[in-house]
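S.K.: In order, the protein sequences belong to chains V and D.
When we follow my numbering, the leftmost residue of the first sequence carries the number 643, and every step to the right adds one.
When we follow my numbering, the leftmost residue of the second sequence carries the number 643, and every step to the right adds one.
Hints were generated in silico from the structure; no laboratory data involved.
Glycine included, every Cβ here is placed at the ideal spot set by N, Cα and C.
Check before you lean on any hint, since a few could be wrong.
What follows is a set of in silico ranges between Cβ atoms, one per label pair, in the way DEER data are often shown [as the list claims (entries may be wrong)]:
(1) Val769(V) x Leu860(D): 55 to 63 Å
(2) Lys696(D) x Leu822(V): 55 to 63 Å
(3) Arg867(D) x Gly758(V): 23 to 31 Å
(4) Arg679(V) x Gly670(D): 53 to 61 Å
(5) Ser829(V) x Ala838(D): 52 to 60 Å
(6) Gly799(V) x Gly825(D): 53 to 61 Å
There are 2 protein chains.
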Amino acid sequence: MQSKPKAVVLLSGGLDSATVLAIARAEGFEPYALSFRYGQRHEVELAAAERVAKALGAVRHAVVDIDLRQFGGSALTDDIAVPHDGASGDEIPVTYVPARNTIFLSFGLAYAETLGAWDVFIGASSVDYSGYPDCRPEFIEAYEAMANLATKQTVSGERRLGIRAPLMHLSKAQTIQRGLDLGVDYSLTHSCYDPAPDGTSCGSCDSCRLRDRGFAELGLTDPARRP
Amino acid sequence: MQSKPKAVVLLSGGLDSATVLAIARAEGFEPYALSFRYGQRHEVELAAAERVAKALGAVRHAVVDIDLRQFGGSALTDDIAVPHDGASGDEIPVTYVPARNTIFLSFGLAYAETLGAWDVFIGASSVDYSGYPDCRPEFIEAYEAMANLATKQTVSGERRLGIRAPLMHLSKAQTIQRGLDLGVDYSLTHSCYDPAPDGTSCGSCDSCRLRDRGFAELGLTDPARRP
Numbered sequence: 643m644q645s646k647p648k649a650v651v652l653l654s655g656g657l658d659s660a661t662v663l664a665i666a667r668a669e670g671f672e673p674y675a676l677s678f679r680y681g682q683r684h685e686v687e688l689a690a691a692e693r694v695a696k697a698l699g700a701v702r703h704a705v706v707d708i709d710l711r712q713f714g715g716s717a718l719t720d721d722i723a724v725p726h727d728g729a730s731g732d733e734i735p736v737t738y739v740p741a742r743n744t745i746f747l748s749f750g751l752a753y754a755e756t757l758g759a760w761d762v763f764i765g766a767s768s769v770d771y772s773g774y775p776d777c778r779p780e781f782i783e784a785y786e787a788m789a790n791l792a793t794k795q796t797v798s799g800e801r802r803l804g805i806r807a808p809l810m811h812l813s814k815a816q817t818i819q820r821g822l823d824l825g826v827d828y829s830l831t832h833s834c835y836d837p838a839p840d841g842t843s844c845g846s847c848d849s850c851r852l853r854d855r856g857f858a859e860l861g862l863t864d865p866a867r868r869p
Numbered sequence: 643m644q645s646k647p648k649a650v651v652l653l654s655g656g657l658d659s660a661t662v663l664a665i666a667r668a669e670g671f672e673p674y675a676l677s678f679r680y681g682q683r684h685e686v687e688l689a690a691a692e693r694v695a696k697a698l699g700a701v702r703h704a705v706v707d708i709d710l711r712q713f714g715g716s717a718l719t720d721d722i723a724v725p726h727d728g729a730s731g732d733e734i735p736v737t738y739v740p741a742r743n744t745i746f747l748s749f750g751l752a753y754a755e756t757l758g759a760w761d762v763f764i765g766a767s768s769v770d771y772s773g774y775p776d777c778r779p780e781f782i783e784a785y786e787a788m789a790n791l792a793t794k795q796t797v798s799g800e801r802r803l804g805i806r807a808p809l810m811h812l813s814k815a816q817t818i819q820r821g822l823d824l825g826v827d828y829s830l831t832h833s834c835y836d837p838a839p840d841g842t843s844c845g846s847c848d849s850c851r852l853r854d855r856g857f858a859e860l861g862l863t864d865p866a867r868r869p
């Protein structure tokens, strides 16, 4: 019996990446989850990542420490207030973290190479999203092109490395439906940018709102902890 | 008087990146040096980076902690012996660190964005090098294309972000000559992959050999510390 191919899955502990982990497994991969402790305010999401990795059968869950606070410039890592007014408009919001997905994917690429994996999954979506540039399909495509020139593994040319973003064209409701079909328990996930010290979600930040709307469209209530 | 443009300079403390820092300054940039503590055996290079940053007038020298040892797979970070036989041949050597330049450039991109810098300098060269895939011009070009889709700064489109590799087509001797013309004191730099505990270079690893040959071609002796 041939062993399953390995895949790296970037796992924040939120709704999207939990769904992606379930998708990777359903596609027949042995998923290796990768999370980051990057000075995020909402570090409670790492506990969620651990619960999700376990529940959805990740073979291993690696957590890499990196300090993005050194550079500053984001409400997710600095003393900048997370907005709760829902008025994001057309601008890229203050919750944007400089080059975050580029950095995360770069560690994913390193991990893939040491595992011998040819697929790196990320929960990026350009529908119902916060307007971050590094969630758009053109970014993912350019990253994949670069990655295939970057490592010993890709240069050997056995096959192409794929940056897989299966949620790219799904709405939040479609993502949730896909996850429910695959048995994801969303009560284990955490999405809030500005949780209470006990991990309770605020219900009013951009991330909570997008999530709420997704469940509402399906006629469901978000099982995440609320005040 | 207009203030100088800022540039991020990836600085390992070795011969190449010291030269690049001098070039960035000579081109009229205010250089912000960026180094990494990544579990390298030759951590003595960080002390060299600090000396070089000071001597060559970096405005600031940031050191980011990242742990590449988690993934393993390199003689520079693991308990794999650094080769001293000079027999590298056509293969990518064991001193290759998975996705290292991709990761370093990604932090450089984040730093550039928070500084408002449009240039990121790296000492990559495809002449007299160790055969690492992430030192080739096609990699740098693909990285630059990706970077220009990745961040809030680049998406705003004020101008393009440049990944600058001014040593790309220079031999080691040409690099040294360029640095000497710009007043670089190479006795401050450290290149050895396998130094003694007191920081003395081995003189026989790939990095020491390339460096030696460069100085020899110019009829000079490497001023680095030797046994």
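S.K.: Next step is simple, just say for each hint if it's right about the structure.
M.R.: Structure-based check of all given hints:
{"no.": "1", "hint": "Val769(V) x Leu860(D): 55 to 63 Å", "in the structure": "holds, 58 Å"}
{"no.": "2", "hint": "Lys696(D) x Leu822(V): 55 to 63 Å", "in the structure": "holds, 58 Å"}
{"no.": "3", "hint": "Arg867(D) x Gly758(V): 23 to 31 Å", "in the structure": "violated, 39 Å"}
{"no.": "4", "hint": "Arg679(V) x Gly670(D): 53 to 61 Å", "in the structure": "violated, 38 Å"}
{"no.": "5", "hint": "Ser829(V) x Ala838(D): 52 to 60 Å", "in the structure": "holds, 56 Å"}
{"no.": "6", "hint": "Gly799(V) x Gly825(D): 53 to 61 Å", "in the structure": "violated, 43 Å"}
Checked against the numbered hints above, the structure violates hints 3, 4 and 6; every other hint is satisfied.
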